[in-house]
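There are 2 protein chains.
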Amino acid sequence: MKNFLVEAEIMPKRGVNDPQGEAVLSGLRLLGFEAASKVRVGKLIRFQVAAETSDEARADATSMCEKLLANPVIEEFELEVSEA
Amino acid sequence: MKNFLVEAEIMPKRGVNDPQGEAVLSGLRLLGFEAASKVRVGKLIRFQVAAETSDEARADATSMCEKLLANPVIEEFELEVSEA
Chain A
27 MKNFLVEAEI MPKRGVNDPQ GEAVLSGLRL LGFEAASKVR VGKLIRFQVA
77 AETSDEARAD ATSMCEKLLA NPVIEEFELE VSEA
Chain B
27 MKNFLVEAEI MPKRGVNDPQ GEAVLSGLRL LGFEAASKVR VGKLIRFQVA
77 AETSDEARAD ATSMCEKLLA NPVIEEFELE VSEA
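Protein chains in written order, with our numbering: chain A, 27 to 110; chain B, 27 to 110.
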């Protein structure tokens, strides 16, 4: 059994309204940051997964994302898996 | 003026309590994912910055993180800047 580091990047899907991103953009404008645009806010979840192989760790992490970490209706996720 | 894509990864600092991460770990355990551990939950913010150069875009984005996007007391951030 090895430990793998997993980084899950979870973002609102294209076309899905992102109120958090709109709020951040408003905040940036209020602070005078005119150069910023198209803000999207997502989640970054880092964790360890104990598994025999990197593929097994990725499969486990995919299942975790589908069942708990991401909302598949409005969010998409990408995984990076590396050895700890 | 060019547009640059900025990806800001904002995570709770080492040693700072991460109640969101603890809640996610509890959720994973309840769903039977025994292999997961050490969960840390952060934010992933993607946006565009209009600037003359990549360095200028990075400097602007750093300022945005310091002033609004991240809480420097409990969070640290990393930036990736690429041309749009």
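Just so you know, these hints were derived from the structure itself, not from any lab.
There may be inaccurate statements among the hints.
Pairs count within a copy or across copies, as identical chains cannot be separated in the list.
[Stated by the list, open to error] Within a straight-line C-alpha distance of at most 30 Å, the following computed BS3-like cross-link-like pairs (lysine-lysine) qualify:
id, residue 1, residue 2
1, 69, 39
2, 64, 39
3, 39, 93
These are the hints, each one checked on the structure:
Taking the closest pair of Cα atoms, residue 69 and residue 39 come within 30 Å of each other both inside a single copy (12 Å) and across two copies (16 Å). In this assembly of identical chains, the alpha carbons of residue 64 and residue 39 lie at most 30 Å apart whether taken from the same copy (13 Å) or from different copies (27 Å). Proximity of residue 39 to residue 93 under the C-alpha cut-off of 30 Å is found in both arrangements, the shortest distances being 17 Å within a copy and 27 Å between copies.
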